[in-house]
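The residues making up each chain are set out below.
2 protein chains.
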Amino acid sequence: MGGLAEQAVDRACQAYIDRDLARCHAVLEGETLINATEREIDELAFDLLAMQQPMAVDLRFILAVTKINSDLERVGDQAVNIAERVMDLVELPKVELPVDIPRMAAAVAAMVRRSLESFIEGKAELAQAVLEMDNVVDRMKDEAFIILVKAMNEHPDVTRQALDALLVARNLERVADHATNIAEDVIFWVRGADVRHGANPESSARQEVSDTH
Amino acid sequence: MGGLAEQAVDRACQAYIDRDLARCHAVLEGETLINATEREIDELAFDLLAMQQPMAVDLRFILAVTKINSDLERVGDQAVNIAERVMDLVELPKVELPVDIPRMAAAVAAMVRRSLESFIEGKAELAQAVLEMDNVVDRMKDEAFIILVKAMNEHPDVTRQALDALLVARNLERVADHATNIAEDVIFWVRGADVRHGANPESSARQEVSDTH
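Taken in sequence, the protein lines are chains L and Z.
Under this note's numbering, the first residue of the first sequence carries the number 1, and numbering increases by one thereafter.
Under this note's numbering, the first residue of the second sequence carries the number 1, and numbering increases by one thereafter.
If you're looking for bench data, these hints aren't it; they were derived computationally from the structure.
It should be emphasised that the depicted structure is a prediction, and the values quoted were computed from it without experimental measurement.
A few of these clues could be false.
[What the hints assert, rightly or not] Stretch by stretch, here's where chain L covers chain Z in the computed footprint (C-beta under 8 Å, at least three residues): (1) 40-50; (2) 53-59.
[Said to hold, decoys possible] Calculated lysine-lysine pairs in the DSS-like style (CA-CA distance at most 27 Å, straight line): (3) K123(Z) / K150(L); (4) K67(L) / K150(L); (5) K94(L) / K150(Z); (6) K67(Z) / K123(Z); (7) K67(L) / K67(Z); (8) K94(L) / K150(L); (9) K150(L) / K150(Z); (10) K94(Z) / K150(Z); (11) K123(Z) / K67(L); (12) K123(L) / K94(Z).
Built from N, CA and C at the ideal position, the CB exists for glycine as well.
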């Protein structure tokens, strides 16, 4: 599931960079498998809860898995959204926009990769590092927003392209928020602590996939 | 939790209509309580799973509750996002925009209310009605998008206001998607069926809080 979600984001970002319709279609088609896999994992978790009645760390693990599963499915949705923006962009004249989407995409991909590593290795320290990366991505998105609104104002003829880029930046920020959620669920599982909403003062507040700009 | 989330959306929409900063602040302040309530419900669910080891319909109920809880918290986040857009709008000159946000807000509020009713009364038929309302809201958002992009192109001086309204429309559409998720979780609990992603052919596909435009 993690691999599928990661691949979807990578493909969507590469599609943006290369204005590549084939990769967009691959992302759209891949969504069916991601959705089916989410259901399968959910059913497995349900059966385990119903039949094994797990306790303590095992129960925490299964609950963390169901949440991570849901976040990964939503990462897949964001990849679909990016692919759809690219499909819109490809139909429009190519313009230079003052925003570095590839740099943002690289930072977000690194967060997703590390959050999955922290899960696979059961390492809370790795997960903690993901939480710290999230602020960087938030700042990139805020900057993109300001610059692109300015571009729309000054060059109305590129409004639609700038809007597409702005929405891609927002989708990337949401992917980063889901990676943050995954990292927090790993910490919950490994340490038994709930780090959401700054309940644990030494950690960052949970990212609620909010779009403050 | 449902009441808090519903109130947050109502306040944010009323703030948009009246350009009312006081209501915006009420939404931002209300988020803390929503987040705390989410944690509390999550902990109760965890304790029940750990100590009572519920089976069959009880297990389905608790799993549905944890998902509904998470969707309601995200509804609260969307209300915060709307309030932030309103705070931006209030600083800009007031302009007439060709979009009926109040009508969309009313449709979305009705979906949230009915999804909560279906949960409280345990009625799958009510939940089914929510699924059918979702397409209407999606269409409203698509129309808003097309009209507002046109407005930005033709009147660059209102770009920022039009963008704020566009983002409010998207946030409302996301609230509708969360109401749809809640309705599906009610059906899962009551009927024991998973209606996500069109797994059940007689129902609509699960709304994945995606933004296809």
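Taking the hints in turn, this is what the structure says about them:
{"no.": "1", "hint": "40-50", "verdict": "holds (count 5)"}
{"no.": "2", "hint": "53-59", "verdict": "holds (count 4)"}
{"no.": "3", "hint": "K123(Z) / K150(L)", "verdict": "violated (49 Å)"}
{"no.": "4", "hint": "K67(L) / K150(L)", "verdict": "violated (38 Å)"}
{"no.": "5", "hint": "K94(L) / K150(Z)", "verdict": "holds (19 Å)"}
{"no.": "6", "hint": "K67(Z) / K123(Z)", "verdict": "holds (17 Å)"}
{"no.": "7", "hint": "K67(L) / K67(Z)", "verdict": "holds (9 Å)"}
{"no.": "8", "hint": "K94(L) / K150(L)", "verdict": "holds (18 Å)"}
{"no.": "9", "hint": "K150(L) / K150(Z)", "verdict": "holds (17 Å)"}
{"no.": "10", "hint": "K94(Z) / K150(Z)", "verdict": "holds (18 Å)"}
{"no.": "11", "hint": "K123(Z) / K67(L)", "verdict": "holds (26 Å)"}
{"no.": "12", "hint": "K123(L) / K94(Z)", "verdict": "violated (52 Å)"}
Hints 3, 4 and 12, counting from the list given before, are not met by this structure.
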